[in-house]
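Guided by the hints, dock chain B onto chain A, whose structure is given.
Read top to bottom, the protein sequences are chains A and B.
The first sequence begins at 1 in the working numbering and counts up by one.
The second sequence begins at 1 in the working numbering and counts up by one.
The set of hints was computed from the structure by calculation and includes no laboratory data.
Only a predicted model underlies this, so the values are computations on that prediction, with no experimental measurement involved.
All C-beta atoms in this analysis are idealised placements derived from N, C-alpha and C, irrespective of residue type, glycine included.
Cut-off 30 Å, straight-line C-alpha distance, at most; resulting in silico cross-link-like pairs (DSS-like, lysine-lysine):
(1) B:Lys21 - B:Lys82
(2) B:Lys86 - B:Lys21
(3) B:Lys4 - B:Lys56
(4) A:Lys82 - B:Lys53
(5) B:Lys56 - A:Lys82
(6) B:Lys4 - B:Lys113
(7) A:Lys82 - B:Lys57
(8) B:Lys4 - B:Lys53
(9) B:Lys55 - A:Lys82
(10) B:Lys55 - B:Lys4
(11) B:Lys4 - A:Lys82
(12) A:Lys82 - B:Lys115
(13) B:Lys113 - A:Lys82
(14) B:Lys4 - B:Lys21
(15) B:Lys4 - B:Lys57
(16) B:Lys115 - B:Lys4
These stretches of chain A come out as covered by chain B in the derived footprint (C-beta under 8 Å, 3 or more residues):
(17) 40-52
(18) 57-63
(19) 82-92
(20) 107-120
Label pairs and their computed distance ranges (CB to CB):
(21) B:Leu102 - A:Gly128: 15 to 23 Å
(22) B:Ile106 - A:Cys83: 17 to 25 Å
(23) B:Lys57 - A:Val41: 19 to 27 Å
(24) B:Lys4 - A:Thr54: 37 to 45 Å
(25) B:Arg60 - A:Ile111: 51 to 59 Å
(26) A:Thr54 - B:Ile91: 22 to 30 Å
(27) B:Lys113 - A:Val5: 24 to 32 Å
Residues per chain, in single letters:
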Amino acid sequence: MIYLVISVVSFASAALIYKYSNHINCDRISLILCERITAVVLLFFYIIMFDRFTFNPAITVLAFTGGITIFLSRVALIASLKCGKVSISWTIVNLSVVIPVLSSILLWSEIPSQRQIIGLLLVPAAIGLLQEQSMGH
Amino acid sequence: MWLKLVLISFLFCGISDTMWKIAGETGGSYTANTYIFIFHISALIGASIAAIKMKKKITRNEFFLGVIAGFSIVIGSICSMKAILKMPGIIYFPVSSGGSLLFVTIMAHILWKEKISLRQTAGLMVAIISIILISTK
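The shape of chain A in the complex, shown without the other chains:
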């Protein structure tokens, strides 16, 4: 349970740091650059000490695409926080869990459970409710 609590607080802290960086007019690209340098250095030492590198072409291509898209996502998120509430923006970005589920349905013909179908249907409703007021900023 302690790992779960630490992971929740850590990820949420990153969102709060993004918001704070806008308050003190930090540049978003420079911030992400420092963030990723730190992440790469820490992970390198973590893998050397506790795991091992297992490179293969498919994983490399997927990870590279994933990294570029998360970079673009973070640039847009930090830009959005200049005029929106962090709690609302973070909630909408977290709803992106819907995209891998939809991909599984469309690409691999996975059949979603009844609960997942209800969850998928609730996503547009949640975005619709959350967008009120923040648009006016």
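Then chain B, alone, in the frame of chain A:
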């Protein structure tokens, strides 16, 4: 403008999550750390190219906030992997997603006095329920 940026972030984050899902099905859990390492390197390459093109200079604030965000993300990633291995998904996913959203909302209220309207509170609840339903089969 706010909504447009958040939806761009939502879309790219979703594509990134999809890459992670495909990698999980392709390489299994033993490639997870390597995936995350390459993932951060590619995001770093993206940020470096953007920083060089825009001739960005890193200020002290950007450096410190970036380092803290980098630490948060790596600690969060390692702890979430350990948590997934130690507890059932039916507990991990709801607590992880719901906890993160609630933590950000509460902290944003304490730090920046962000006020959430009744409609947005309803949206937040719908979002949490939706994420829980999608994440647990």
